[in-house]
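**Student:** Sequence:
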Amino acid sequence: MAVEYLNNVATQDNYVEALTVIFSRPRPAFSLNVYNKAIAYTLAITYADMRPGTWVWDSTEHHLAPSLSQFEDAVKEGLPAGALFAGVRIRTFLAGAPATVSVI
483 MAVEYLNNVA TQDNYVEALT VIFSRPRPAF SLNVYNKAIA YTLAITYADM RPGTWVWDST
543 EHHLAPSLSQ FEDAVKEGLP AGALFAGVRI RTFLAGAPAT VSVI
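According to the working numbering, the residues represented by the sequence shown are 483 to 586, in order.
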């Protein structure tokens, strides 16, 4: 089952439910902290006119080096105008090299 947030969790080589964050309400912004190794991630998005609790995965897989990243504008992340962040799923970028991540 997807979770509401992650706090210092080790990534796995594949996308798994335990590393999938689905926000209880869509957000215009969120933070992703990657502590020690690179990750791959995809964003879940929704729109104001979609039924509550409905979202889709963006088709683009992104990569992120260790950093504290602020996702503050869906359009700047390459998403369509009007998109809201519904969640994020995370995996290890290089197999066998897990990262530690937090999503708030």
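In short, the hints are calculated from the structure, not lab data.
For clarity, every value in this text was computed on a predicted model and none was experimentally measured.
Some clues are possibly wrong.
As the list claims (entries may be wrong) - Quick list of simulated restraints, FRET-style, between CB atoms: (1) E499 to E559: 21 to 29 Å; (2) M532 to A511: 14 to 22 Å; (3) P562 to I504: 27 to 35 Å.
No residue lacks a Cβ here, since even glycine has one placed at the ideal position from N, Cα and C.
**Student:** Run every hint past the structure and note whether it holds.
**Tutor:** The hints, checked one at a time:
The hinted window of 21 to 29 Å between E499 and E559 holds, with their beta carbons roughly 23 Å apart. Between M532 and A511 the beta carbon distance is about 19 Å. The supplied range of 14 to 22 Å therefore holds. Distance hint check: the CB atoms of P562 and I504 are about 19 Å apart, inconsistent with the given range 27 to 35 Å.
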